[in-house]
Amino acid sequence: MGTPKLALEDVSVVLGSKLILRDISLEVGEHEFVCVIGASGGGKTTLLRTVGGLIPAESGAVLLDGAPLPGPNPRLAMVFQHFSLFPWKSVRANVAYGLRVQGRRDDAGAVDRLLGVMRLTEVADHFPHQLSGGMRQRVGIARALAVDPEVLLLDEPFSAVDAITREQLQAEVLALWERDAARSAVLVTHDIDEAILMADRVVVLSGPPGRITLEVPVPIPRPRSPYALRSHEDYPELRARLWEAVRAGLEGAA
Amino acid sequence: MILRWLSVVVILLAWEVYGRSINPILLSYPSAIIESSLDMVIDGSLPKALRESLVVLGTGFLIGCVAGVVIGVLAGRRRALAALLDWPLNALYATPAVALIPVIVVWFGFGVTAKIVVVTLFVLFPVLINTMRGVQEVPRDLIEVARSFCSPERRMWGDLVLPSALPYIVTGLRLAIGRGLIGVIVAEFFTAFAGLGNLIVTNANNFRTARMFVPIVIIAVLGVATTALLEWLERRLFRWRRMDETP
Ligand SMILES: Nc1ncnc2c1ncn2[C@@H]1O[C@H](COP(=O)(O)OP(=O)(O)O)[C@@H](O)[C@H]1O
Ligand SMILES: [Mg+2]
Chain A
1 MGTPKLALED VSVVLGSKLI LRDISLEVGE HEFVCVIGAS GGGKTTLLRT VGGLIPAESG
61 AVLLDGAPLP GPNPRLAMVF QHFSLFPWKS VRANVAYGLR VQGRRDDAGA VDRLLGVMRL
121 TEVADHFPHQ LSGGMRQRVG IARALAVDPE VLLLDEPFSA VDAITREQLQ AEVLALWERD
181 AARSAVLVTH DIDEAILMAD RVVVLSGPPG RITLEVPVPI PRPRSPYALR SHEDYPELRA
241 RLWEAVRAGL EGAA
Chain B
255 MILRWLSVVV ILLAWEVYGR SINPILLSYP SAIIESSLDM VIDGSLPKAL RESLVVLGTG
315 FLIGCVAGVV IGVLAGRRRA LAALLDWPLN ALYATPAVAL IPVIVVWFGF GVTAKIVVVT
375 LFVLFPVLIN TMRGVQEVPR DLIEVARSFC SPERRMWGDL VLPSALPYIV TGLRLAIGRG
435 LIGVIVAEFF TAFAGLGNLI VTNANNFRTA RMFVPIVIIA VLGVATTALL EWLERRLFRW
495 RRMDETP
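These protein sequences, in sequence, are chains A and B. Using this note's numbering, the letters of the first sequence correspond one by one to residues 1 to 254. Using this note's numbering, the letters of the second sequence correspond one by one to residues 255 to 501.
Everything labelled a hint here was simulated from the structure, so no lab data went into it. A virtual CB, placed ideally from N, CA and C, is assigned to each residue, including glycine. A couple of the hints might just be wrong.
Said to hold, decoys possible - Some, not all, of what chain A presents toward chain B, calculated at C-beta under 7 Å:
| id | residue |
| --- | --- |
| 1 | S12 |
| 2 | P68 |
| 3 | P72 |
| 4 | P74 |
| 5 | P87 |
| 6 | Q102 |
| 7 | M135 |
Stated by the list, open to error - Computed beta-carbon distance windows for the label pairs:
| id | chain 1 | residue 1 | chain 2 | residue 2 | range |
| --- | --- | --- | --- | --- | --- |
| 8 | B | L257 | A | R75 | 57 to 67 Å |
| 9 | A | Q102 | B | V357 | 33 to 43 Å |
| 10 | B | L487 | A | R222 | 51 to 61 Å |
| 11 | B | L257 | A | D191 | 48 to 58 Å |
| 12 | A | G103 | B | A353 | 16 to 26 Å |
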């Protein structure tokens with residue numbers, strides 16, 4: 001195996017005076033989809049923010065293609081848990097935001113294409129407050145994909161929408177990721193089924209302080225659907241192992 | 255809208271009926287006020303006073319607003335300045351600005367300058383304090399978005415700081431209009447020999463009650479009109495906001 005797309009080497013993070021992440025080592029390959037699961041408060045958001053360059057690591061390093069990432073980098077893009085759209089910008093302006101601040105031109109029409117793919121064309125001139133939660137997160141996803149990132153970081157992106165919308169969005173994100181062989185993804189979630197549905201590999205983060213307690217590949221072939229998934233022969237054992245690890249992490253913390 | 259106009263009509267009618275029934279020195283009534291205002295336009299006293307007051311109001315308002323926004327933005331972004339300004343600002347804000355007028359007269363005399371200073375002071379604080387708050391209330395999660403998309407610092411001003419502070423600034427302006435109007439009139443009471451405030455005082459002293467009411471009505475109309483203008487501007491500017499979200 002060559003250099004991984006993204007690597008964390010013994011990353012520890014301290015916020016305030018509290019150790020939040022301890023010696024995290026993790027590799028994400030080219031076009032790999034990695035899910036990080038763990039109970040809330042375990043440091044999942046902190047992990048993503050560290051990878052995104054929003055908070056510095058106390059020790060250790062985050063590497064992109066083997067080179068250290070000192071801060072935010074346009075080759076990574078983040079989808080936020082609570083959407084975090086600009087309320088004063090239209091849907092279109094929100095999606096175009098990353099390209100604009102990075103001074104990049106949209107010659108390929110990425111914004112229009114993503115508005116279409118995410119079924120936002122009709123509301124392109126609306127403001128975020130006029131949209132449902134699911135639509136808002138579509139904008140958040142389109143905004144991240146518009147800059148054509150090599151690594152997509154998603155922080156519990158479906159936790160604030162209803163169950164039906166969540167299934168739709170999961171399928172849409174998977175389809176978009178499958179279509180682009182140059183894109184890796186790290187998705188953080190507390191939903192074990194979501195992790196099994198989406199991931200090539202699932203990582204269990206237990207804490208605080210957060211540390212990786214289990215790493216398992218998901219052997220179920222793609223394309224996956226939430227229904228076919230549950231009837232796959234490997235599913236029950238995989239789910240049981242992940243659940244056990246998450247629970248053990250909780251008890252360890254308590 | 256109909257109800258608003260209805261309330262105006264009812265009040266005017268009641269005033270007319272009641273006003274006619276009592277001594278015209280104590281209270282005047284609408285038709286007499288209109289008549290007086292025509293007289294005052296013809297003899298030139300009203301246009302002159304209005305011009306004088308508007309110059310003071312306009313200049314003071316402009317200086318106060320610009321200074322308020324500039325200082326407010328700086329104080330909102332620089333903790334040190336905010337800490338430095340905190341107590342003096344609160345002390346000045348709590349002091350009735352009227353109390354400062356004699357001091358201002360001592361410093362600046364009885365002329366236009368003193369009056370402009372008074373209006374500026376009246377206007378400055380609501381604008382400054384609201385601007386400062388608005389700049390501090392930039393949502394943290396959006397700052398994070400801007401950073402994660404590698405926004406240069408200077409772009410954050412236009413994308414983030416200004417749009418989120420603007421509603422607060424406009425609220426400050428709305429308060430400032432009312433206070434600015436009070437500022438001019440009170441300043442003209444004290445320093446005088448010019449403006450609408452002076453017109454009120456001299457006519458009151460001469461028991462020309464109808465004439466006294468003319469500048470009062472004009473001030474009221476001025477206040478309502480500028481506030482309406484600002485509200486219209488607000489609706490145009492803040493289409494992105496929910497109706498139930500006002501700072
Ligand atoms: N800015 C901060 N300062 C201090 N502690 C923080 C800060 N942000 C998060 N934490 C703490 O770090 C821990 C992990 O938080 P977080 O990464 O948000 O977990 P998760 O996303 O898994 O719910 C929590 O105990 C939280 O209280
Ligand atoms: Mg979180």
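Now for the hints, and whether the structure bears them out:
no. : hint                          : in the structure
1   : S12                           : violated (21 Å)
2   : P68                           : violated (16 Å)
3   : P72                           : holds (5 Å)
4   : P74                           : holds (5 Å)
5   : P87                           : holds (6 Å)
6   : Q102                          : holds (6 Å)
7   : M135                          : violated (15 Å)
8   : L257(B) / R75(A): 57 to 67 Å  : holds (59 Å)
9   : Q102(A) / V357(B): 33 to 43 Å : violated (54 Å)
10  : L487(B) / R222(A): 51 to 61 Å : holds (54 Å)
11  : L257(B) / D191(A): 48 to 58 Å : holds (53 Å)
12  : G103(A) / A353(B): 16 to 26 Å : violated (53 Å)
Checked against the numbered hints given earlier, the structure breaks hints 1, 2, 7, 9, 12 and satisfies all the rest.
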